[in-house]
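Those protein sequence lines, which keep their order, are chains A and B.
Per this note's numbering, the very first residue in the first sequence carries number 1; after that it's consecutive.
Per this note's numbering, the very first residue in the second sequence carries number 1; after that it's consecutive.
Hints are computed from structural coordinates only; laboratory data are not their basis.
Do not rely on the hints blindly, as some may be mistaken.
[Unchecked claim] Stretch-level coverage of chain A by chain B, calculated; a stretch enters the list once three of its residues show a Cβ under 8 Å from a Cβ in chain B:
no.: 1; segment: 76-87
no.: 2; segment: 100-108
no.: 3; segment: 115-124
[Stated by the list, open to error] Simulated restraints, written as ranges between beta carbons of each label pair:
no.: 4; chain 1: B; residue 1: Ile-335; chain 2: A; residue 2: Ala-75; range: 55 to 63 Å
no.: 5; chain 1: B; residue 1: Leu-268; chain 2: A; residue 2: Asn-83; range: 52 to 60 Å
no.: 6; chain 1: A; residue 1: Tyr-31; chain 2: B; residue 2: Leu-39; range: 55 to 63 Å
no.: 7; chain 1: A; residue 1: Glu-277; chain 2: B; residue 2: Gly-31; range: 58 to 66 Å
no.: 8; chain 1: A; residue 1: Glu-262; chain 2: B; residue 2: Ala-310; range: 52 to 60 Å
no.: 9; chain 1: A; residue 1: Lys-259; chain 2: B; residue 2: Ala-239; range: 57 to 65 Å
no.: 10; chain 1: B; residue 1: Gly-228; chain 2: A; residue 2: Asp-184; range: 19 to 27 Å
no.: 11; chain 1: B; residue 1: Arg-13; chain 2: A; residue 2: Glu-312; range: 49 to 57 Å
no.: 12; chain 1: B; residue 1: Ala-239; chain 2: A; residue 2: Ser-265; range: 52 to 60 Å
As the structure is a computational prediction, the values presented were derived from the model and not from experiment.
Where is the CB? At the ideal position from N, CA and C, for every residue including glycine.
So the chains spell out like this:
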Amino acid sequence: MPSVNPTGGPGGPGATERRVVLEASGLRKRYGQLEAVKGISFRIHEGETYGLLGPNGAGKTTTISMICGLLARDAGEVHLDGNPIDVGRVAAKAGIGYVPQELALYPDLTARENLAFFGGLYGLGGSALRSRIDDVLGVIGLADRSRERVDRFSGGMQRRLNIGIGLLHQPRLLLLDEPTVGVDPHSRNSILESIAELGRSGMAILYTTHYMEEAERLCDRIAIIDAGEIQAEGTRRELIGLIGGRDTIRLAASGDLSKAAEAASGVEGVVQAGVGEDALELVVRDARGLLPRLLAAVDAAGANVRGVEVVEPDLEAVFLHLTGRALRDSAD
Amino acid sequence: MRHALLIAMKDLRQRVRDRSVILLSVIAPLGLAVIFSQLLAGATEFHADYVVADLDRGSVARAFRDDVLGSLEDGGVATIREVDTEAEARAAVESEDAEAAFIIPAGFSAAVGGGTTASIEVYGAVQAGLETSIAESVATRFGDGVASVQLARATTAELRGRPLTAEEVGSIVTAATTSDPALQLVDVDASLRQLSWSTYFSASMAILFLFFAAQIGITSLFEERRGGTIARMLAGPVAPVSIILGKAIGAFVTGIVAMTVLIAGTTLLIGADWGPPLGVALIAGAGVLSAIGVATLVASFARTAETAGAASSAVAITLAIFGGSFSPVSQGPEIMSSLSLLTPHAWFLRGLADLHGAGSVLTDALPAVLVLLVIGLVTGGLGFGRARRLVAVG
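Bound-form chain B, shown alone (with noise of 0.2 Å):
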């Protein structure tokens, strides 16, 4: 074991003067979340501007007025301001200070009350697609509340012998249309819905750049056999595995390093919410091994650190793709997300994942944690052993 320790203490040593190892274990991931959340920030977080022009005054369209438009602005979705006039609506979109306009003709309450056709019209901006839209599906969903409170409103008066009074049809549009919420944002993929943007490209860079450091270990074997100093080890009283636990030990420390500096800078420049500490050193640990153990595994199939180090590279960026470092699974294809599954990426995701659930424990985490050391100790174990030949003597 002590033989094991030096080894790994040159290594580590050896690595620290090594920038390029620094570059690819620290910097490129640090910056890539930091650009990737900076970018995709305001993408992901949905906010609208948009003006009402109530020219009926009537109890439904102060029951739209107030209470679905007033969901929307007190879930923070979007600002309502109010104006007078149609024209100050139209006037307020084509100046681009609100994105969606939604006026409410005179006669709209009554209309609703009489049972006859009424309708919102929605004047939206050309280049606010996406706001339009969803002002459009806001008034679509009113006039659907709307439809059923007339056929309600024609049932009652015709049990009850006498119209409904403009107070009672407000009352009931205004049940049936935000009965739910008025707009519902949906995501499609779990792990989005627990991890923020930016704690999500952190960590995705995190796993993906650390493959690259878990492979320094192995291409350190051949570059060392290559240069002679396995040879020399061998030639006194060092025996072979303890040159392979050395370096495993080495590239172990190298990866709980650089995690750990991702971990304390995206944490500190993006603001990245990785979790309750103990779990997150739990993932983060089992996450190391597992890079290694994959990488370890590929780079034993090559003959030289040049070949190891370029085919580590390909097969981290293929599980980064399938375990969804540059993109959520769920976006893509059904295949996907059952691919996903094979990678250590896809893991380590979920189980950073499971502890920002609601009410999450650090148990939730552990099968995550399990499969992550599970896939480690597996192909490091396989890894290690074909690499044997590299400290074998003749």
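So that you can see chain A by itself, here it is in the shape it has in the complex (with noise of 0.2 Å):
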């Protein structure tokens, strides 16, 4: 695994005086002959915010979902706060605060109402309860709707109902399992700025996604994921320094772009060569200078170019330099 933390420990500043709060080593899962998740190891500190990054099918919610104790492990440990977490051990799991991919919600109920059920099975009551659900419905910005039956939310503000009953009992970790998803834009920024300022707030998160920019604007590490294991981990600006000083062009392009791939991967200079949508992801070495040529061998291979970007290094990049594919590709 190409990593700037070999040991799994965070890269940020300072991240190493902080508490360990999720320590999850060597997770194996298995359906019948598909090894989905194969040995994935990591930690997360006290306030920080950890991605895992990688497209639908790469292990994310499997991995999610035996750290949260739904799901037996073939193989692994995960603790919280050094205490082990099981599918058995019932009482541990009320460190964590689970936020599901789908909505998991009672749509005949309230806001109130669902946030006061699931905040009582975390042992909470009376005006405790009370005030902890003020709050969360202002961090989730739905405080003026508090008694409306939630089928009358429209999907973002379900979404965020779905984030806040996570957030009700104040865990320790806090797990997010894409939770963007099926959001409208307006949505989903009010969704991320209210994870990142729980991130600021001190609690641990663990965020998965297969949007980069999401990944980019909350984490501050970030593991990328796909096959079921872990590719690289670190912060944004070391994962970006792994693929050295290289560029990203990205020519919008009709014909046969696997073809056109496979002539551009044979000019010299260039790294990486994939497919995306309508478009060529090459990751090269100075990409002003190597373009030219660039041009003319895609032409030869029959591809009609129509525009040509040549983008800073980001994660896609990253994702494309060590899988051999675009992420936004694999995502769909």
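From the two separate chains plus the hints, produce the assembled complex.
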């Protein structure tokens, strides 16, 4: 695993002094012939937002399910504040807040009733519960709609409530499994702001996503996960550093893009060539010097180039570099 | 236990808001009980209007008129009106003022006393088949009595060496024909003998629809699993058994509330007489348990909420048919009575009937309560045991 932190420790400044909240080591899970998770290990510290970035089917949800004790693991261990977490250790799960990928709400109850029910399950009651409900409703921006039935909410509002339930008992660790899937841009922005605020408040967060922008925006450290394995781990800067002084060129093109990608990869200076949606995604050294030869090679392969974009290296480029595939393409 | 109670309370809150649950648990059974009891009330309460034309005025005729027909009137089975002539009697029937007429011809008593053939004519309305048949039966039974009197008279005269007087014949006829009730309407079903029709249909519909309410516990497990809320609970400090227990408590309370509303509603609306409150409470509680148990066991074999609901409903209807919810089992073949003992419905109705017998005490209903409890605990234990897969973590 290419990693700037081979020990799994945090890379952020001062992170090593912070207390470890979650330690997952050697997690494995197999479904029949398919090994969905192949020995994943990582740590999350107090106040740290840790991202699992990878396409659908990479093993993110399986990993998060093993961490919160919803799924029995074939191998590995999970510790929360040093205490083991397992499917049978019911009481230990109280320190975790889980926000599933799909909405897990009661649509015929109000927002407040949903929060009160789940809060009660975590041992909250009376004025403490009412106070926490008010706080959470404020955080998720639903204070003025709290007495409305959830089935009258927009998709974005339901998503926010879905997150709010996970926050109610002030967990030591918040697990967010792709919480913005299917959400409109405005609501997504609101959700991301809420999560960033939680991170700043000192909560440890594990955030899974296949959206590179979300991982870059929210996460202190990111693990790039593919095919059940962590391919690389570190801060955004550290991960981008893995591909050296390289640029990413995106060629919007039509025609046989696979053939064009093959031709492009033969050009000296092209490190990685992949096919995205109506485009070639290329990781290269010295984009400006390389561009004329690259365009000629692609043109010779029969592709019709409609546009050229040279972009700064980002996690998309890192994913391409590590897996040979575009994250955007894999995520669809 | 706290988690189970929270889950049960949440379920109850959802059910209060679910109109289909209220419709199925309360409104439908209440409505059907009212309709059935009103439809069948007339068919189960026999009453006839008869006229009698006594053209004889003798002692035997008087015995028939006063004692035989009088007993019908005293028993509330018939209203008897006397007319003076045969023509008036026939006219009363044809004008539908009476369903049948008894015409006692002149010389009837003398003929009986003399040992010759005597007859009473029954003139019945075509459209009043049952009332006419009963009138014929009454007359025939009287005729049988007369025949035995004539035999007794001949024997006595032989022994005493003189014929009986008209008064002696009349008193013997009265004794012979009224020693038993003149007419017996025999119920063939013990439960009918003890439960009124309004109570029978109220109880039948209550136990039938209770099965629909009872399946809500397990079908909501399927729905919550699909909706992700089960997983959300299991990701927290909630044991799987708490979820199962919460669903069972919620279903039980739903059933008890529905049953209580039905008992109160049918009592107020159609005058159903359920019986002593403590006994009814025991039977209702055991009935609710048995319904939850059977519905849960059936639904536990399903894979989705929809198939679970459909399977439970099919079984509920089938058990209701065999258990006598639609018609008393004794009116069917003998095997139906035997098969009914396998259904909670029959035991529920039997338990209520046991509370209505003459001199019944609470303990009379205990066998039925015990059977219902056993059915509920066995099927419920198996059903919820099987349903554990719905709250299992992978």
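Check each numbered hint from earlier against the structure, then list the numbers of those it violates in ascending order.
Number 1 only.
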